[in-house]
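Undergrad: Residue numbers (the working numbering), protein chains in the order written: chain Z, 3 to 359; chain D, 3 to 359; chain R, 3 to 359; chain U, 3 to 359.
Simulated from the structure, these hints should not be mistaken for laboratory data.
Please note that the accuracy of each hint is not assured.
Stated by the list, open to error - Dumping the calculated SDA-like pairs for lysine to any residue here, alpha-carbon to alpha-carbon at most 25 Å: (1) R:56 <-> R:255; (2) U:77 <-> D:118; (3) R:324 <-> U:77; (4) R:324 <-> U:192; (5) U:310 <-> R:268; (6) Z:310 <-> D:218; (7) R:68 <-> Z:37; (8) U:272 <-> Z:34; (9) D:152 <-> D:168; (10) U:56 <-> U:266; (11) Z:272 <-> D:318; (12) R:77 <-> Z:24; (13) D:77 <-> U:315; (14) Z:324 <-> D:264; (15) U:200 <-> R:255; (16) R:177 <-> R:119.
Number of protein chains: 4
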Amino acid sequence: MSFNTFGRLFRFTTWGESHGPALGATIDGVPPLLDLCEADIQIFLDERRPGQSKYTTQRREPDTVKILSGIFEGKTTGTPIQLMIENVDQRSKDYGNIAETYRPGHADFTYNAKYGIRDYRGGGRSSARETAARVAAGAVARKIIGDTIKISAGMVQMGNLHVNRDRMDWAEVRKNPLFCPDAIAADEWALELDAIRKSGSSIGAVIEVIATGVPAGWGAPVYGKLDADLAAALMSINAAKGVEIGAGMGAAALTGEENADEMRPGADGKPEFLSNNAGGILGGISSGQPIVARFAVKPTSSILTPRKSITADGEAIDVSTKGRHDPCVGIRAVPIAEAMMACVLADHMMLHRAQCG
Amino acid sequence: MSFNTFGRLFRFTTWGESHGPALGATIDGVPPLLDLCEADIQIFLDERRPGQSKYTTQRREPDTVKILSGIFEGKTTGTPIQLMIENVDQRSKDYGNIAETYRPGHADFTYNAKYGIRDYRGGGRSSARETAARVAAGAVARKIIGDTIKISAGMVQMGNLHVNRDRMDWAEVRKNPLFCPDAIAADEWALELDAIRKSGSSIGAVIEVIATGVPAGWGAPVYGKLDADLAAALMSINAAKGVEIGAGMGAAALTGEENADEMRPGADGKPEFLSNNAGGILGGISSGQPIVARFAVKPTSSILTPRKSITADGEAIDVSTKGRHDPCVGIRAVPIAEAMMACVLADHMMLHRAQCG
Amino acid sequence: MSFNTFGRLFRFTTWGESHGPALGATIDGVPPLLDLCEADIQIFLDERRPGQSKYTTQRREPDTVKILSGIFEGKTTGTPIQLMIENVDQRSKDYGNIAETYRPGHADFTYNAKYGIRDYRGGGRSSARETAARVAAGAVARKIIGDTIKISAGMVQMGNLHVNRDRMDWAEVRKNPLFCPDAIAADEWALELDAIRKSGSSIGAVIEVIATGVPAGWGAPVYGKLDADLAAALMSINAAKGVEIGAGMGAAALTGEENADEMRPGADGKPEFLSNNAGGILGGISSGQPIVARFAVKPTSSILTPRKSITADGEAIDVSTKGRHDPCVGIRAVPIAEAMMACVLADHMMLHRAQCG
Amino acid sequence: MSFNTFGRLFRFTTWGESHGPALGATIDGVPPLLDLCEADIQIFLDERRPGQSKYTTQRREPDTVKILSGIFEGKTTGTPIQLMIENVDQRSKDYGNIAETYRPGHADFTYNAKYGIRDYRGGGRSSARETAARVAAGAVARKIIGDTIKISAGMVQMGNLHVNRDRMDWAEVRKNPLFCPDAIAADEWALELDAIRKSGSSIGAVIEVIATGVPAGWGAPVYGKLDADLAAALMSINAAKGVEIGAGMGAAALTGEENADEMRPGADGKPEFLSNNAGGILGGISSGQPIVARFAVKPTSSILTPRKSITADGEAIDVSTKGRHDPCVGIRAVPIAEAMMACVLADHMMLHRAQCG
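Isolated chain Z (complex conformation) (with noise of 0.2 Å):
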């Protein structure tokens, strides 16, 4: 998790700008003979592709991924894969008028403050088109932790409406276009983010990601932790605020008799747990539960309604954004939290198996 590599064995480096040629990631330690070729990739990359609904940017990017190394017939070889993805609607002009203007909300004046320099076009490398490659990069992490982890996320929050638990179905979030497990709530929301969109404005949510059939034993005491690596890799995603795993920021009001998840003996030697406060992990180590985590994006801050802010020069200014944006990024954050998960168990399952064999 060092400047734009993440991860330890598993690790991928991502490159690229918004309006550059192109961008990727590049993938070391992924082991070897593992069936990987582009479709398997496109897929998950098809999922997050922007303007497929009326809900997402209407920027047109194929987002097609290109495959440049580390394969050879159809098997990976254990030496770096290169996944390229080459921009093809950049339309610069778009853009043109924040090259002197801090937007509010965005990070035009930190790059600045940081770099003295920055590529402004779309927002160059702090544009969300980066989630493009580590969608690509998790896709690869899927064929290493296999079929028997099943990885699933969706839209849980918008502004102030929740699902309903009981409604909750993971299979029901690829049918609507708000990624939501909650038929019926998605169905609302879109109302509801319908006008939004109209409006100009945006609005921020929860997303939530888990993973079954990790087995008990993986992550690492004590900086080293699934979950400290989780939250780092979930809040690593753009407009990410906040981060939780299992009971997570409501694990405060809880006593200890509510919040400790008892056991019984289960049917197979292993524990059976009575609830999953914990989402999965006890002392930054998996339990075989399953691995429950959740993040708050924060709404676009590229708004129709003027905002006060300053130019490059420090004068004063209003901002109002025009271009092509997502009234909520929360959807597009499903394929993208599921691909984080996938590459942070990638890198745990290596872990664990060099150390405990």
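With chain Z held as given, fit chains D, R and U onto it using these hints.
TA: Same frame as chain Z, now just chains D, R and U:
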């Protein structure tokens, strides 16, 4: 952030078990010529030390730190600093019953699942005693970042009780045994916590930690983000289940208009922000505003009320813990939070200096 | 230095196979605001490029580099720089016979032993084509360390023939096709190498690389030593079998009196060293003297004379290589050596700045 | 291999100065359930311990190791192992004269140039006492790689005297005080070294270290090569100036015909190599042949004959060292070499298991 090592350039590895002969931190990468003596570290250890009020475990540990290397004539030399804290009050007999029993909510089961062995005495490596080493490392980190940066933390929620933000004053934190920045809340909570303690129960909490004086420009896209590192740092603290930056999970409920921190030209050419929903971090890079983070800790799982569990042999058993425990671990998490904030900032200060001069 | 990644702060990951669509380097950690364009890199790639004399393989590769990210308006932005070189002259058919045969002295057998699969086309990942990516990374590293530091390399031994140190002149290196700093030796060696080439044989070599202008103080005890990193960097070059710093292996034959580089007060307050057996590094830290390193490369294993070997199925076979190969890989190792020196120095410059300001 | 940390998965950080209270190694990543007690480590420390013959420094250090963490009931637990060796025979007064004087060939000047401060007592961090911590770490590494892998080292050259390879027997190493695998040479060298010692001079040496039983497949392209890591490991040893793998620097003088290690089908399906110029490593990956490395150490710079030098204030001075020193540091480098080989192999065993299962 690998196994038991935290940080990239300012890097420390903590070692030691709750009931072993000693524990400590091996710190590498410290700049030379900083004034550092044991008293500089001891002052922070004394704050974290148990047994100082009836609200923390009555285990009596002097937590006296010894500097074994890296200091010469009162100054850092740039070589590794070894900080050792000997364990004194071990009372192993108090914990003997946990050798064969998995305590619900503890890491007993997962350590065994991972390693096939665990030092069960007092929780071994998973004990909160490890945090003494973090606090020691944090004292060194503060020397690196200097006095311009002020770090404050306090308990802002205990169970369902919240501080009144209008009354918050960080100077109050060290004046009450609950490390609460709201003096009136502290009194109220003390009564509540007394009752919880006497009933042998426990309660969760939220700790807020802020750093002022951090210049704009620290942090890095996209996996070395300042907020991603903070999230990992805080989530790695024992019992942490959620981490927030700025508006945190609450950002989900905001509209773009509400969330965007507007800017106006400041007196010194830097922007003046009109709000701080970002918690001082935009695009993973500090904005010059105060860095604001919060994390929730779950209630101690060691409670008097029997909980269903299993033995290492897979038999059903009920577990009740009579030992010396904190009714609210949030209290002692306060100096730990400050330490981790200092460590993250020290690392990023050096990373920024390396890349940007 | 992990898997396919080199460096800590100035870090690059090379990717790509000899006969895949492309290869390249993903470079992270580069300081912002450095002038950098493709021509700055191409000039070094052109030096390494094969087919420029009869002494290097006749594979015709233009080795044209494309910058895909990290540069904006001619300057580095501090974000990852992706350098891509497309493979053009692949002629896979030339190498088809190595699919089932382990060539003696090549990595065919060990790649298969490790991964159970290998991209055998042209040596795949183990091909010296990977060094094009190093040379590209080295060009970026040079921008970081600046013009004050001068790096020179040359072939100082070919087979049993040595340069005459009295005649050595680094300016000669680019004037002869053997990259030899001794013009007279270059002529003599050319005749010898011609004979070797025509006989289908090959010969080993020693390359010396020096860097002047490196300030005292770069490097770090005790595993991040400048010489330890140089040793790893040079030993990682294809065919390298030995690495020396200063007096090198010859230091074994010296007495303490002979070896100790005496010092006298210099004009500028810095010490003036009366000799440089240390090769500019003491205790892992640069002394301000020229950094002097050498490494030996073995002769190309691809020779016309049949050698005993086995097939992937374990059958005995005799192998003779008729393809396009370098009779002395030491020649093309010269720009690679310079590149690796630059990369090590760039990394240590940034590490030093991080710790010591 | 960062600052004072060695390794990626099997990682240790050494700490401590020559004349501080203690030194040691913090070892992380050790697999659980390995039998390990202090005696397992002490046996190797005793071999390295000074003062055991007239050929090593007469400083009397018991070098008694204490395990402070990571072991429970005689077995590793997978958590960090802290090994501490207290310094006993410090005699700081012997070294007081070096506070203001830069000894030629020592790191006095470079430490000061880097850090602006140094613990000059006995060389501080740059003292060869640090290698006690390596030897301790190596003892743990041997537990990881197991008994199948045999590591042997010995002094094969002292000054201009070479062992007779026909007489070499690794079993001889521990039978003579020069740790030489050639008994007859050992006797001859002893006379020579006696004269050197009495004259207050010193002499360089070459140490060879081999590991048999390493399976084919350990190591990784292209910067995590087994030989690149060995080169860094051996070059990081105090006084090392050159490192060779297999034919080493001599590979430069070979033709392709001479160098290529021919293969024939072996009894067990593995190849039988007819020579080992590769030193057991091809393309950075072990071939199953013995791993063979050598490194040269320079003569101790602490000699009786006055050498020209300067003071910290830049004044000319002549330096003569009367203290307790090794006339040939190559002797005590032998157990260190074995330890570093073990550490590299342990790390690569775990890396290989992580990636390739």
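Undergrad: State for each hint whether it applies.
TA: Tested hints:
no. : hint            : result
1   : R:56 <-> R:255  : 39 Å, violated
2   : U:77 <-> D:118  : 11 Å, holds
3   : R:324 <-> U:77  : 56 Å, violated
4   : R:324 <-> U:192 : 53 Å, violated
5   : U:310 <-> R:268 : 13 Å, holds
6   : Z:310 <-> D:218 : 19 Å, holds
7   : R:68 <-> Z:37   : 30 Å, violated
8   : U:272 <-> Z:34  : 21 Å, holds
9   : D:152 <-> D:168 : 21 Å, holds
10  : U:56 <-> U:266  : 48 Å, violated
11  : Z:272 <-> D:318 : 12 Å, holds
12  : R:77 <-> Z:24   : 18 Å, holds
13  : D:77 <-> U:315  : 20 Å, holds
14  : Z:324 <-> D:264 : 18 Å, holds
15  : U:200 <-> R:255 : 18 Å, holds
16  : R:177 <-> R:119 : 42 Å, violated
When held up to the earlier numbered hints, the structure conflicts with 1, 3, 4, 7, 10 and 16 and fits the remainder.
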